[in-house]
Amino acid sequence: MAPSAPHSTPMAEPIDVVHAPEDTVWALWLQQIGTEAGFDIRTRLVGAEWELTGAAGAGSAILVISGSFVHAAALAPEDWRKAETDPAGLLAVIVGTAAEVPSEAGRIAAVDLRLLPDEAQARSKVLQALGADPAAAGERLRQAGRTPVRYPRQEMFVDFQSKSLPRYQPAWFYGRDRELDRIRSQLDTAGAAVLTGVAGSGKTWLAAAYVHRFRSQYDLIAWISGENGAVMRTELGQLAGPLGLPDSLPRATRHHDVVAALRRSAKRYLIVYDNVTPDHYRTAGEELPLPRKPARLSDMVPWDGPGHVLFTSKVADWDNPRPVAVPMFTVDEGAALLQRHVHGLPERLAERFSSAVDGSPVLLNALAHRGSRGTDAVDEALLARVRSEPFVLLQDEPGVYKRATSIIGDSLRPLLDEPPGSDAWAAGHLLRLLTCFAADQPIPLALLISQLPGTERRPGARLPAELAEALGNEHRRKRVLDLVTRDSVAEICADPLTEGGRALKIHAIPWHGIREFLPRELAEDNQHVAHRVLCDADPQRSDVPSLWNRYLWLWQQVAQIEVLSCPLVADPDDPCAQLPDLIRNVVDALRIQGELTAAAGLGLQAAEAWSAMLGTDDIRVVRIRIVTGNALWQLGDWSQAHDAAAAARSGVEESRGRFPEEYVWSSDLMAACMRMAGNWAGAVGLNEQSHAWARECLGDNNIETLRAAHNLAVSYRMLGRFADAMDLDAGNYERFRSDPLLADDAILRLHCVNNVARNHRELGAYEASVALQERVLGEFRELFPNALQQNILRARKNLAVSYRKAGRYREARELQQTTLIDHVRVYGDSHPESVAARTNLANDYRLTGNAGLAATTAEEAYRLCSAAHADHPYTAACAANYAAALRTRERCAEALELDREAVDLFTVRLGADHPYTLAARSGEASDLAGLGRIEEAAEIGADVLDRSRRVRGPDHPYTLQCGINLALDLRALGRTEEADELEYDTLDRYAAALGRDHPEFRAAFDRVRGTCDVEPPPM
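Quick note on this note's numbering: the sequence shown kicks off at 1164 and runs consecutively.
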């Protein structure tokens, strides 16, 4: 097949593209461009049955020359020489830099693509060598509807590739050509494939091999750990940047945005989810401390996107995608792998080893590594030891693991037999130490020597002195790592915590093989070493987003190394005494990240374990209970949150002079839980106690005193004590303005301004409320780029209410509509914040003339709230607002029933003179008037007006609304003189309070009955 004049006529005889398995993509690309040019192209693997001279004689062949091809073909120089004597029909396409072709093959036509990154040039060179016209190619493949194959040199231009991608070692990857072909075929046709098999069958290696061979076909390659939902969410969220998504996306839901972006992406992507469980295998009620929500594949995978998705799983029962089984090696395959690396190993002995380990690729790989060194025998004696220690099922593991301690032990014993302090001895002890951490997870070297950024100590401070010395020296560390990885027992991988760092990882099978025969005393010593290095890894800044991945990783290790049962926690002189502080920070970091169930579960376990060991009054236990209570509170489990806070407060009661902050935190958390439970009166007492204690112990200008004042103001506002709340909030505001040392807590400062704005609104100064509220929202938006951040959501909701009170009804409705959508997205439908946004929107619909939407929206808010909290003040507020919407549609009888329910509930919970009770009674009077029961309406109206003048003040807009409504009832009863006097006085006051252009004044002037609606206050 010597070069000839270009033509576009298809050639009659077929052409075989002969290639090594590693060069499958090159073969597919050559097949593609040849087919487009009109040739009949087939692909064929080079192997023992393939002959070079036969290929040339049988027709035409393209040889994909690489180091893998030369090795697999195993051709002697005379074979190349024979082909050279008659090279017609052969074309060598050189793709591998390691290809060493004998000089005897010099006359075979060749195209060298090794240093040619441009696809157009490469295509032109190949087609010209085939004798085709490059300009005429390009239609046939597209007509066939197949996915185009990219030029393989594009592998250097992959836009993004996860650093957690397992290391691929082509020299040690054997066979699996059939499985790789099935993966490629299924991904090409269905877009998804799952590799299934028992532990140790090599699923992850196979997936890594696929990624390596086909990486040139993708723009984005991600490797996602599928065992832990929190980790899966986080690793998916890290694709936001490569996909061009904004940094402002909320972390807790960023994975959803990533999945949506992948589904509509123009990028070719490959997402590998390693070690996952299909959704139908998950139980309905997962136990703590799993993440807040199970990471279901239905939510975590871009199923209908344009890219490819590959899973590995121990579960064989998959509905979709169709499983690609990854079996153990057959006896012959295992024997061939051993013979490939162990020089001189007899075939029969190799087969017996393969049979003895059940064809486990992991154990066969360890044997092959051992034998390849030539210093350790793979002989009858080793086989006898393997057989004398039969495989043992580890029933307590999530799956069926097998181990052969003889294989791993024989790799480890020579290291341990070396003199203490030597590199080999250090390698052996490092391997044993690694089994204290979780299997199949990267353990950063920087962690082991206490050198993670921000937490540095003396290198190796927690390790045994000889091991610390070996790992502290760069030259010796390299030698130690070579010994640790030499038998494929451990592997070097990317550090998940430090950019550019290195980590060590042990597969589950050798992990068990080492751990099973550790002396108990050594295992306990190593466990304490692990505890101490984890403590050193704690940056003690759970609020810093750049450190959240570290806390997530630390959380994964906590259960494995039995932190909660460490007896040295009780020894104040031992570094393990810091473990409770580590757990507290992990819980808090998980909470801030949104992994609330994980945070609460770990915190509850830790508090229970260490209360028994350290006592309930140990300040470390108290602090864990406080952060756990915060997580439970955010979860909506206010009963358990209250219990955690009460236990913390009880634990610090006797030592509150030494730990005033903890006393204040626990008291205020209890109060917050009581507010959420509807016990607003009881919350005030606790907030008053904590605020008084903070002032006494910390002083008025301490940030925790300001925080306690803020919380007390929240409780005062809920009890209708708006003037008292204003005194506290305004005082906080002035302190923030005058003390630059308080400026660091921008969030609390903005909360104070926000609450001053709310107080203005409740006191009737609506325009002042709007001005401050707009400023607060603007500053929150500068502070948090994420529009769904909880402080921004609350500020938007409050501003919408202030717009409504200021008479800016359309602006209020538009803002509250988007606010409700975002509340539901973040909190769900039934969370109190979402319920409040929904009932507020109902009021906006009512005032903008959409009575139908007002009624349905108010009804939904009432239904959601009453179903979850039947006797809560929020339910009463929703009932009053629903009644107002029904009254607009002249359904006064139904409205009356709801208003009376609200009045009863408010009276029991808050008292007869609470502003919310008066608002509901005002609605009750309007219902009666609508039903023609004017005398009853006037009687209630007069009482409400009198109480409102005392409680709210004579010039408050709600008092004035009550006056207008009563005047209407008096006029209807024929008491015109009284009605005129009340109306004139009320209108004068209305004009002074709100202005003559305010919609409420205009309605009052037109003698239109008004409504005193209720905005559920933030709790």
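In short, the hints are calculated from the structure, not lab data. Warning: the hint list may mix true and false statements.
Ranges of calculated distance between the beta carbons of each label pair, as one might list FRET restraints [unchecked claim]: (1) ARG1704 x PRO2117: 48 to 56 angstroms; (2) ALA2135 x ARG2054: 57 to 65 angstroms; (3) ASP1480 x ALA1909: 38 to 46 angstroms; (4) GLY1778 x ALA1909: 31 to 39 angstroms; (5) GLU1662 x ASP1480: 35 to 43 angstroms; (6) SER1461 x GLY1799: 52 to 60 angstroms; (7) THR1416 x ASP2160: 37 to 45 angstroms; (8) ASP1734 x ARG1330: 17 to 25 angstroms; (9) SER1348 x ILE1984: 42 to 50 angstroms.
Computed cross-link-like contacts, DSBU-like style, restricted to lysine-lysine with a CA-CA straight-line distance of at most 30 angstroms [said to hold, decoys possible]: (10) LYS1641 x LYS1326; (11) LYS1430 x LYS1288; (12) LYS1326 x LYS1245; (13) LYS1477 x LYS1641; (14) LYS1288 x LYS1326.
Backbone N, C-alpha and C define an ideal beta-carbon position, used for all residues, glycine too.
Kindly confirm whether 17 to 25 angstroms is satisfied by the beta carbon distance between ASP1734 and ARG1330.
The hinted range 17 to 25 angstroms is violated for ASP1734 and ARG1330, with Cβ atoms some 40 angstroms apart.
Given the hint that LYS1430 pairs with LYS1288, does the C-alpha gap stay at or below 30 angstroms?
28 angstroms, holds
Given hint LYS1326 paired with LYS1288 - CA-CA distance at most 30 angstroms
Not OK: LYS1288 and LYS1326 at ~35 angstroms, beyond 30 angstroms, violated.
So if I understand the rule, the pair passes when the alpha-carbon distance is 30 angstroms or less; does LYS1326 with LYS1245 pass?
47 angstroms, violated
Between SER1348 and ILE1984, does the C-beta distance stay in 42 to 50 angstroms?
43 angstroms, holds
Could you tell me whether the CB distance from THR1416 to ASP2160 stays inside 37 to 45 angstroms?
42 angstroms, holds
Is 38 to 46 angstroms a correct range for the gap between the Cβ atoms of ASP1480 and ALA1909?
52 angstroms, violated
CB-CB spacing for ARG2054 and ALA2135 relative to the 57 to 65 angstroms hint
Violated, since ALA2135 and ARG2054 (Cβ atoms, about 20 angstroms apart) do not stay within the stated range.
If you check the beta carbons of SER1461 and GLY1799, does the distance land in 52 to 60 angstroms?
24 angstroms, violated
Between LYS1641 and LYS1326, is the straight-line Cα distance small enough, at 30 angstroms or below?
21 angstroms, holds
Hint check for ASP1480 and GLU1662 - Cβ pair distance inside 35 to 43 angstroms:
40 angstroms, holds
In this structure, is the beta-carbon distance linking GLY1778 and ALA1909 contained in 31 to 39 angstroms?
The hinted range 31 to 39 angstroms holds for GLY1778 and ALA1909, with Cβ atoms some 38 angstroms apart.
When the structure is compared with the earlier hints, violations turn up for hints 2, 3, 6, 8, 12, 13, 14 and for no others.
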